[in-house]
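Enquirer: Sequence:
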Amino acid sequence: MIYLDNAATTLRKPRAVDEAVRRAMHAAAGYARGGYAAAMRAGETVYACREQAAALFGVRDPARVVFTMNATHALNLAIHALARPGMRIAVSGYEHNAVMRPLALRGIDPVVLDTPLWDCAAMAGRAKREVAEGAQLFILNHVSNVFGFAAPVEEIASLLDEAGVPLILDASQSAGILEIDVQRHPCLAAVCMPGHKGLYGPQGTGILLVLDDRIARRPLLAGGTGSRSEDMRQPDFLPDALESGTPNVPGIAGLAEGIAFVRAAGVENILAHERRLVGEFARALEKERRIECFAHPSQTGMLSLRVRGASSEGIAQALARRGVAVRAGLHCAPLAHRTAGTERTGTVRFSFAHDSTAEQTERAAEILCETVKNL
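If you count the sequence shown from 1, position 102 lands on 102 in my numbering, and the numbers rise without skipping.
Please keep in mind that the hints were generated in silico from the structure rather than gathered at the bench.
Heads up, some of the hints might be wrong.
[Claimed, not checked] For each label pair, taking beta carbons as the anchor points, the in silico distance ranges come out as:
#1 136 - 366: 24 to 34 Å
#2 183 - 322: 40 to 50 Å
#3 223 - 366: 48 to 58 Å
#4 276 - 40: 40 to 50 Å
#5 228 - 321: 51 to 61 Å
Glycine included, each C-beta is placed from N, C-alpha and C at the ideal position.
Using the sequences and the hints given, assemble the complete structure.
Expert: Below you can see the structure in the form of structure tokens.
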């Protein structure tokens with residue numbers, strides 16, 4: 001199988017990830033629930049992952065690294081704490097349903113920065129206008145899960161720093177791919193990410209970097225934390241305020257090894273490798289005129305396309321029959337497709353990872369071109 005659906009989940013993890021999960025399953029017991037060796041081992045395992053994540057993202061206090069089930073969970077925690085009906089909230093035109101649905105659930109209709117694909121200057125300009133018109137909260141998709149478009153976070157965050165407007169950053173497709181240093185911008189209130197994509201951890205893991213203390217004071221869930229059990233109120237300190245119930249210790253153990261791999265490999269090297277393969281893939285498709293690629297030199301390691309006269313889902317199914325794994329449709333991000341003009345057709349998305357090879361890229365392009373010619 002040529003696996004090119006890494007934007008959904010990185011399937012092939014470093015060996016150390018699997019080994020860490022297995023060790024924790026058999027040797028780590030109740031986290032923060034006892035003083036015996038197996039329970040202490042669980043605590044040490046979880047804290048080691050907090051330290052790894054803090055080091056990767058520039059978080060000074062590892063307690064601000066909160067573990068979640070996935071990026072959706074992390075985004076819900078941040079949105080629940082900071083977004084209120086009646087607030088003027090701005091979002092990019094590329095947001096995932098993990099942002100749009102929690103806002104809709106709260107009766108919030110955000111202002112959408114619906115700027116053209118690849119046009120960073122236009123997005124920054126719209127953000128500047130929204131700040132001037134009184135936006136109280138920004139939620140920004142760092143990298144589009146459909147197109148690999150990297151938003152101009154540096155420019156927008158600088159505007160928000162000056163205006164004192166908080167920013168929730170959805171790093172679902174950028175964590176482990178692009179540099180994120182939370183110390184650079186005071187506006188950053190929260191950074192949300194999954195563990196199972198660019199951080200090479202297991203499914204069922206995620207991270208919320210809590211940089212605004214208001215988030216800890218308004219938890220989405222309450223329950224057992226192993227601390228202050230005599231108090232019926234939820235603890236107000238991190239990470240306990242946002243981590244109720246028994247955490248996924250085996251998953252977190254694997255995530256720690258995934259983050260260690262990313263730190264050793266270097267996010268800049270991973271990005272360069274993925275971009276090189278995307279460029280080679282796009283060039284290989286130029287000979288087939290029915291294929292419309294959404295390609296740009298600045299995109300990260302994914303490429304969306306559509307085939308004139310064919311459904312995106314049909315193309316993906318035909319590729320699957322020949323051993324190429326991709327994703328097709330709206331990718332849980334209809335807003336991004338509406339912004340880019342692909343809402344009616346969807347796209348076929350090819351997404352690469354550290355273990356993707358030039359040979360796989362070339363073969364996938366050949367199979368796609370052959371598939372289109374045989375339609």
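Enquirer: Take the hints in turn and mark each one as holding or not.
Expert: To see whether the hints hold, each was checked on the structure:
1. 136 - 366: 24 to 34 Å: violated, 51 Å
2. 183 - 322: 40 to 50 Å: Taking Cβ atoms as reference, residue 183 and residue 322 lie about 47 Å apart, which means the hint holds.
3. 223 - 366: 48 to 58 Å: Once the Cβ atoms are compared, 53 Å apart, the range 48 to 58 Å for residue 366 and residue 223 holds.
4. 276 - 40: 40 to 50 Å: At 45 Å between Cβs, range holds.
5. 228 - 321: 51 to 61 Å: The hinted range 51 to 61 Å holds for residue 228 and residue 321, with Cβ atoms some 56 Å apart.
In summary, the structure is inconsistent with hint 1 from the numbered list given earlier, while agreeing with all the others.
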